[in-house]
Structure formats: structure tokens, C-alpha cells
Amino acid sequence: MRKLSLFALVLVAAITVTACGTKSEDNSSPVRETFSVALDWYPNPDHAGFLVAEDEGYFEDAGLDVSLSAPSDPSLPIKLVAAGKADVAISYEPEVLLAREQGLDVVAVSSLVDQPLTSMIWLKKSKIKRVKDLKGKTISTAGISYQDAYLKTILARAGLSEDDVKQVSVGQGLLPSIVSGRAQATLGPLWNIEGVDLKLSGKNPVINPVDKLGVPSYSELVLVAKGSRLEEDPDAVRLFISALARGTAEAVSNPGKATAAVLDANTALKPKVTAAQVKATLPLLRRGGLEGKDQPFGYMDTAKWQAFINWMVKQEVLASPAHAVDALTNDFLPSAPIDAG
Amino acid sequence: MKRWLPPLLLVAALIGLWQLAADTGFLADAFGLEPFLVPSPSEIATVLWKDRSLLAENARVTLVEIVAGFFVALAAGIGVAILFHRFGFVRRAGYPLVVASQTIPVIVIAPILVVWFGYGIGPKLAVIALICFFPIAVNTLDGLRSVDPDTVRMMRSLDASRRQVFLRVEAPAALPQAFSGSRIAVAVAVIGAVFGEWAGSDEGLGHLMLQDNAQLMTARMFASVAILSAIAMTLYGLLGLLERRVIRWR
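Quick note, the sequences are listed as chains A and B, same order.
Heads up: the first sequence at position 190 corresponds to 392 in the working numbering, and the numbers run straight through without jumps.
Heads up: the second sequence at position 237 corresponds to 592 in the working numbering, and the numbers run straight through without jumps.
Source of the hints: derived by calculation from the structure; they are not laboratory data.
Just to be clear, a hint being listed does not mean it is correct.
To be verified - Taking lysine to any residue and the SDA-like style, the derived pairs with C-alpha atoms no more than 25 Å apart in a straight line are:
hint : chain 1 : residue 1 : chain 2 : residue 2
1    : A       : K414      : A       : P485
2    : A       : K368      : B       : V470
3    : A       : K337      : B       : W471
4    : A       : K287      : B       : Q566
5    : A       : K337      : B       : G473
6    : A       : K405      : A       : A478
7    : A       : K405      : B       : I464
8    : A       : K368      : B       : R415
9    : A       : K327      : B       : L375
10   : A       : K287      : B       : L375
11   : A       : K405      : A       : K472
What the hints assert, rightly or not - Here are some, though not all, of the chain A residues that point toward chain B, as calculated from beta-carbon distances under 7 Å:
hint : residue
12   : S277
13   : L306
14   : L377
15   : G383
16   : K459
Unchecked claim - Which stretches of chain B does chain A cover? Using the computed rule of at least three CB atoms under 8 Å from a CB of chain A, they are:
hint : stretch
17   : 469–476
18   : 555–567
Don't be surprised by glycine CBs; every beta carbon is placed ideally from N, CA and C.
Same shape as in the complex, but just chain B (with noise of 0.2 Å):
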């Protein structure tokens, strides 16, 4: 309980801070904050509660996206992290494609993702991948590397097999750091919701964003984004706690 109760203040704090900024005249002038550019919070609350179904029936297609699309980027981050620690041609051919993948501006990729694959569930996914991909491929890449090489030399001479030195030694020492990887990848994961949806889409959060941002409904956006952070900050969490229970040497 000790551990949420600053960043728990903290929020408090900068909420309160934020309400009293849009109901004092003064604040909202020195801030510029006006209802139709940035609602108070609790016109933001109270969005949450009236159009409660609306927007859970929205997060639910999002949520479904930013999960498969972050086991889409862990499989295939995972996979070039071994491959390019296993061959080092591998390694030196293809890390500045990988760092490449990272300059593609996701806002300029995503409507071509759309023509591509369609209007479905496709593009979003292809977005989000792309933008958790690399946090994961280099930090498990790094975790990989980082194994002491005596280790493994002493592994080798008492005739380990590859499989082996990669199960007992290899992966164990790069589990924190690809945890670490997934962390970053899944709070980033919802930006790329956002434009995947924004690209072409029927329904989610990001779509109901660009309704929301034609009709000036403001508070109903930021009802969105504070949805899509809430969707951010328990995936991190999860993902912690599951690195807690995988993770006991530590």
C-alpha cells in the first residue's frame, strides 16, 4: 500500500490542481484552459459515467488490438533477438533494419498498412508491432549478449549442447531485460492503436477520438485517452507483476 500512495498523491495533486485551474477564472485565463479546448476533469468523469457503455464497448476493440498486436511484436522481436544472437552475419545484416523499422513516422505507414491489409483488425495490428517490435528485439538482444562468456565457455566443456547453454544460461540471463523490452513496448503499444485506427476503422477508441474531436466533444476525448492510459498502466503493471512471479532468482 506504501508503494501507490505517492504516485496516488501525485495524481490527486495534479487532478485537483487541473480542476481548480478550469473553475477559477483566473487560472483557466493564465492557462489558457477553457472547457471547449481542455474539460475539467470532472466533465471528463462525468462523460466517463453517462457514456460509459459507448466508450467500454470502444476500449474493448482497442484493448483486443493492443494485446495482439503486443504478442505479434514479442514473437517477432523475441524471434530476431535469438536469430540475430545465434548468427552474428545475421546480427550485422539486419540491426539498421531493425533501428530503420523505428524512423518510420507510424502516422505516414499506418494508411498504407490500411490499403494493404484492409480495414480490419490487420493494419492495427501491423502498426502496433511495428511500434513495440524494437524496444523488445534490442533489449532481449542486449539481455542475450550480456551472458558472461566464461559461463558459457564452461557450460561448453562440460559438453553442454547449444539448446542447452540457450535454456539454462542464455535465456534466464536475458528474462529481465526482455521484460523490461515488453514494459516499454505495451505503454507505446496504444499510440499505435490510435493510429491504426485513425487510418480506417469502424470502431475502438481512436475512431470514437475522431468523431468526438469533428463534434468539439473534447471531454469525450480526453474520456478516451484517460481510458486508453488506464489500459497502458495496467498492462504495465501486469506485465511486472508476471515478471515478479517468472523472475524468483532475482
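Only chain A is shown next, with the shape it has when bound in the complex (with noise of 0.2 Å):
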């Protein structure tokens, strides 16, 4: 009894505590829009960015509601932002010229990662040393049909055919392929996640990232919104990155402050690990990846993505050829280039 009325107490006293948080807050911004954010998958290092801007109130400054969600199923968050269940959705590059060419209504509005991360690995154990030695061997893909046409074109670069390796897709299990040794070739771990995690884990990978391979460089990761909805509601979608621009760039110049804000968000991480993967990652997350210095946040070159669809539709991965122009657009970027410390 005692137990429970201590309970009530401390209930008590934190809906009081809430309550008074929530109405200062509201004397601030009186009313703020609410703003639903589908991330690719479970919190981790590459959502550095969004989390910071969370932990921090930059979205609540912007006068947005932000909700953070994170589904099991990478292809879902551009089905839901085109359901018009999120109003932003974190995707890949193919896999919104993919979704355009069914018809699906996004778009793609920054830039989160501007270069692949998908990466072809193998173990010092397995005595491979180029892509040449795979002849005859087994490699584990996560059955996406675009990365399958990735491991084409690498193999193609070194004098090898599809029929020359045994391809195997094992969904969510590319590491235990390759460190059991049932495949002696992984294409799909990032190696900004999976990658880091494989060398502290002292398995000696050998990490190639795609475009170093042959495989035409792409955004890893994109913002996608619905194009209806850009029309209607311009400004809160304009809000949002600025506010995501400015929690990455506070991340980039606090990795501690981004380590707590991924760790606090998914508490299944192993911290060491994502430590050494957010350091591995913020330099790519600063300024959505882009080098020069005149570009702002999350922008994205057209004629970089022209190329890459072209490189698609030659893979016969896109049926018919498509506009770089009207899969994205760069105006809902902050129109300053932000200076990330």
C-alpha cells in the first residue's frame, strides 16, 4: 500500500513537472506543427543529425512537433511519406527512383549521406585479395534487386561474369555469412556501420565501398517528402532541414553529444562500437556529405544523379530512362551553407 501511494506521488508529481514544462514551452510557440520523420531503420550513428536536433530543441525552435520513427523494414519509410503517413522519410537513392518509376509521388529533398556506404567485404581469412579472386566462391547479397546490379558491375570491372561466383540473398544476415565462412563475400553492410564494427570486433575485414569498385557514386541516404505535400505545406518541410542542418552540424563539432544522443535513442547499441562508428560517420554526415564549400546543407547535384539513374536504367534495374531534375529538388534546403564548427 505504502509502495503504491509513493507511486501515486511521484506520478503526481511528474505530470506536474510535465505540465508546467509544457506550458512554459507553449508561451514560447504557441502552437506547434506536428511533423512525423520515418528513419530508414533502427536509431543509429547515420541518424546522428536528427537526434541531436532532437535531444537539443531544434525542431521545437523551428516550431515543429517532431515524432522520430524507425520501422523493421528499410523499403517501408518512402511507402509511408507516399501514404502520406510521415511527411519525411529517410531513403536511399535507388530506392526512390525505383518508387518514382511505380509511381509513387516523392521526391527527394536533401541529401543525408551524398556517396555510397553499401560496401562489398571480405575477411584477411578468406585469402581473397582482389575482386578477381571471388571466381568460384559464395557472395551474400540482402537480395535487393539494384545491389545485385552493383555486384554485376563490380564484377564485370574485373573480367568476371554473374555465373562465375555462387550469389546467395540472406536478407539480414550478411556478417554471420561472411565470419562463419558459408560465404566468403559480403555485398551490403554499410562500412560506416557494419564495417566498424567488424575491425573492433578483430576480424580483419577487407572493406570495399561500391563506387570504389566501379558501381557510379550515389546518395546513400536521402530526405524524401511527398510532392503533393511540398505544394501544399512548403515551408514546414523548409523548417524542418534547417532545424536537422543545425543538429547535424552540432553533432559534427560534439561527437560526445551525437555518441549520447544515438546511444540514448537505441539502448541495444554496444557503446564502444558506436562511438567509433558516429566518428566514422560524422565527417559524412557534415553538410550531407558535400566537399565544396559553396553548396548548402543536403545538396544535391543533378548531374551526379543523371548519371547514376543512366547507369541504372542500363542495368535494366529501371525500365525506362528518368529526369534527375524531377526526382529532386534542392529547393527546401537552408539557403545559407551552414558552417558545421
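Take the two lone chains and join them into the complex the hints point to.
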């Protein structure tokens, strides 16, 4: 009984404190627009900018009541946006192009990581020295068709064809496939996440991002929104990206804060590994990954997108040619370049 | 024919409603049915026809896995049931394990089985057998234990051997239950096949579904689901037919 009343007391106190908090915040910004964000996966270092912006209250400052949600299927977020169930989502450049070909009304509004993270990885113990050595070996993939096209391109550059290797799709089981030795190489892990994990656990991985093996460069992570939604209410997306740019800049200049934010959001992560992953990831998030100083945060290069589209068409991943200018817009980016510390 | 009419009508009505929901804006809004989330039946039918060779090729692979996995489970399930029935202490020791086998989330165990058995048909058989084993074993055991003890006593008093008692009394009595268990098993076997293929494969309907999901080809994904349902229903029906042929005394 005493325990119960104590609990009730704590509850009442908590509610009072929360209520006061809400009230005082309400005074500073009267009504905040709700804004839902679908992440591409459980919170991880790729999301450092989002998580720091959330922790630091940058979204509230921008007048947005942001909720972040994470799916267990990375192909779901873009569908949620197209269905109007989420305001923006994290997706991948190839996924945006495929979705548009399927008739989904989605547009990339900001680049988050403007280069490929998807990598081919093998372990030192496999005795593989270069791609050519993969002849006759088993290669695991996530079973994503455009990544199978990456593999085809990588093999072709080394003078191999698809028939020279045994390809097996293992869904989420990429790392176990090479650690167990069931597959000798894997295509699909991200070098800044799984790659770092493998390194730290002493598996001696050899990691090659796909653009180092002949696949044209593309934006691994982009922010997508629904086309019609952008026309109706352009400001919310603009405000959101500004706040995200602010959060990203803060994360880049304060890696400890970024790591803490990621670990807070996902308690299942290993702290030491996460810190190393954040360290590897922050330089990519900086300015959305772009090197040039005169571009705003999240800038997407139309020519680069077009080159990737042309490659996808050549690989028959896309059935018909598309125009990069339709698939992306830089109109919602912060006007001034954000200097990330 | 009369027996088939009600389910056919119901299925037709549901498909019609679904088509209507997909076609008319109002219903689509109400149900949140959008083609890239839930394709209409006509779209699925179109894909079924257009990609029939691709689908048939992968369905054949999955069907082989299902049937083979089912037979593994049948052998194991009936074997365990007989063992449990014959030796009480084995039953007391092993029954909790049999129940525990059902608590293993297949989607968790499948990738581990893949690492053990490789990317061939092995892990798929193991996953399917794991799912199918329980209903077969438990139903068969219940059947064996449902035999009237007086009949057994009478047989024994007439100098029947243990084997004769089993073959003439216990086995026939357990058959209907064994068939029930098998029918449940074959209906869920398709789920095991898909999980097995998701964990590691280069062909099969589950493999195709992975690809289609990543390509937002929802219609073809649903086409695979339709084929899986058809496989499960056909196998279920075949077992029913077999049951009526075998158990003539009912």
C-alpha cells in the first residue's frame, strides 16, 4: 500500500512537472505543427543529426513537434511518405528512383550522406586479395535487386560474370554469412556501421565501398517527401531541414554529444562500437556529405544523379529513362551554407 | 459441387469487395488501400499471368521444400509419438522439449540453421520440419492414447503381441488424429518455407518476395502470396482426400 501511494505521489509530481514544462514552452511558441519522420532503420549513428536536433530542441525552435519512428523494414518509410502517413522519411537514392518508376509521388528534398556506404566486404581469412579472386566463391547479398546490379558491375570490371560466383541472398544475415565462412564475401553492409563493427571485433575485414569498385557514386541516404505535400505546405519541410542542418552541425562539432544521443535513442547498441561508428559517420553527415564549401547543407548534384540513373537504366534496374530534375529538388534547403563548426 | 459453392462465393465476394475498394477513391481512402501498399486483385492477376514462368519456376522450388520438409516432420512426428506412447518415461522426459520446440521463433532460428547447414535445401527443410513437427506429434500421441484400455486388455488376454496390438488397435485408432495434425502442419509449412528462404537462398517464392519488396513490386509480392496459399490449400485438400481413402471405417 505504501509503495502504491509513493508511486502515486511520484506520478502526480511527474505529471505536474511535465505540465509546467509544457506550459512554459507553450508560452514561447504557441502552437507547434506536428511533423512525423520515418527513419530508415532503428536509431543508429547515421541518424546522429536527427537525434541531436531532437535532444537540443532545435525542432521545437523551428516550431515543429517532431516524432521520429523506426521501421524494421528499410523499404517501408518511403511508402509511408507516399501514403501520407509520414511527412518525411529517410530513403536511398536508388529506392527513390524505383519508387518514382512505380508511380509513387516522392521527391528527394535533401541529401543526408552524399556518397555510397554500401560495401563489399571479405575477411582476411578468406585469402581473397582482389575482386578477381571471387571466382567460384559464394557471395551473400541482402536480396535487393539494385544491389545485385552493383555486384554485376563490380564483377564485370574484374573480368568476371555473374555465373562465375555463387550468389545467395540472406536478408539480414550478411555479417554471419562471412564470419561463419559460409560465404566468402558479402555485398550490402555499410562501411561506417557494420564495417566498423567488424574491425573492432578483430575480424580483419577488407572493406570496399561499391563506388571504389566501379559503381557510379550516389547518395546513400536522402530525405524524401511527398510531392503534393511539398506544394501544399512547403514551409514545414524547409523548417525541418534547417533544424536538421543545425542538429548535424552540432553533432559534427561535438561527437560526444552525438554518441550520447544515439545511445539514448537505441539502448541496444554497444557503446564502444557506437562511439567508433559515430566518429566514422560524422564527416559524412557534415554538410550532407558534400565537399564544396559554397553549397548548402543537403545539396544534391543533378548531373551526378543523372549519371546514376543512366547506369540503372543500363543495368535494367529501371525499365525506362528518368530525369534527375524530377526526382530531386534543392529548393527546400537552408539558403546559406551551414558551417559545421 | 454443392460443398464448394459457399467458400467459392465467399472468396469471390471478398475479392470483389477488395477490387471495389481499390478502384473507387472513397473506399480506397477509407481502407487506406493504395496500389503500392495493397495492389488490387486485377493487378495481382495481371502479374500472375505476365510473370507466370518466373513465378512457376520459383514456386516449384518452394513446393519441393514444403513437401520434403513435411515428410521429414511426418517421420519425426510419428516416430516421437510412438516412442512417447510406448515408453512412459521417455514421454515424461521429452514432452516439455516438444512443447519448447514450438516456442522457438522460427525467424530467429532460421539464420542460425543457415549457418549450420549452408545455403542449400537443408536449412529450409529444418525450418519447415520444426514448424510441422508439433501438430503431427501431439495429435498422433493423443490419438494413440485415446485407445480404449479395455480393448487393449482384451487383445493381450487373447495372446496378442505388442506389435499386433499396435497395428490392429492403436495405429488405426490414432490415424484420424494423425491426419488432423498433418493437415494443420501442411497448412503452416508454407510459412516455414518463406522464413527459410529469407534467411538464405537464391531461388524460391520467399527469395522472390525479398526482391519484390525491395523493388516496391507489391503486386508481384502478393502474387507470390496467392501462389503460396494455393499450394497450402491444395496440399490440405490432397491430405483430406487421402484420409477418406485410408480411413474407410469411419
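Is it true that the CA of K287/A sits at most 25 Å from the CA of Q566/B? 24 Å, holds
Against the 25 Å threshold, does the CA-CA distance of K368/A and R415/B hold or violate the hint? 20 Å, holds
### Message
Please verify whether K327/A and L375/B have alpha carbons no more than 25 Å apart.
### Response
58 Å, violated
task: Let me know if the C-beta of G383/A comes in closer than 7 Å to any C-beta of chain B, holds or violated.
output: 9 Å, violated
Notebook entry, point to check: Is the Cα-Cα distance between K368/A and V470/B 25 Å or less?
Noted result: 16 Å, holds
_Given K459/A as an interface hint, is its Cβ closer than 7 Å to any Cβ of chain B?_
Constraint on K459/A not satisfied, violated at 34 Å.
### Message
Using the nearest Cβ pair, does S277/A come within less than 7 Å of chain B?
### Response
This interface hint holds because 5 Å falls under the 7 Å limit.
| Do the alpha carbons of K405/A and I464/B lie within 25 Å of each other, as the hint requires? | At roughly 24 Å apart (the allowed maximum being 25 Å), I464/B and K405/A satisfy the hint.
Agreement of K405/A and K472/A with the hint, judged by alpha carbon distance not exceeding 25 Å: Status holds; Cα separation ~17 Å.
*Holds or violated: are the alpha carbons of K414/A and P485/A at most 25 Å from each other?*
With Cα atoms ~18 Å apart, K414/A and P485/A stay inside 25 Å; holds.
Inset, instruction - Verify the coverage statement for the stretch 469–476 of chain B against chain A, using a C-beta to C-beta distance below 8 Å and requiring 3 or more qualifying residues. - result: holds (count 4)
(Q) Just to be careful, I want the Cα atoms of K405/A and A478/A compared with a cutoff of 25 Å; is the pair within it? (A) Holds, at about 16 Å.
Violated hints for the displayed structure, listed by number in ascending order: 9, 14, 15 and 16.
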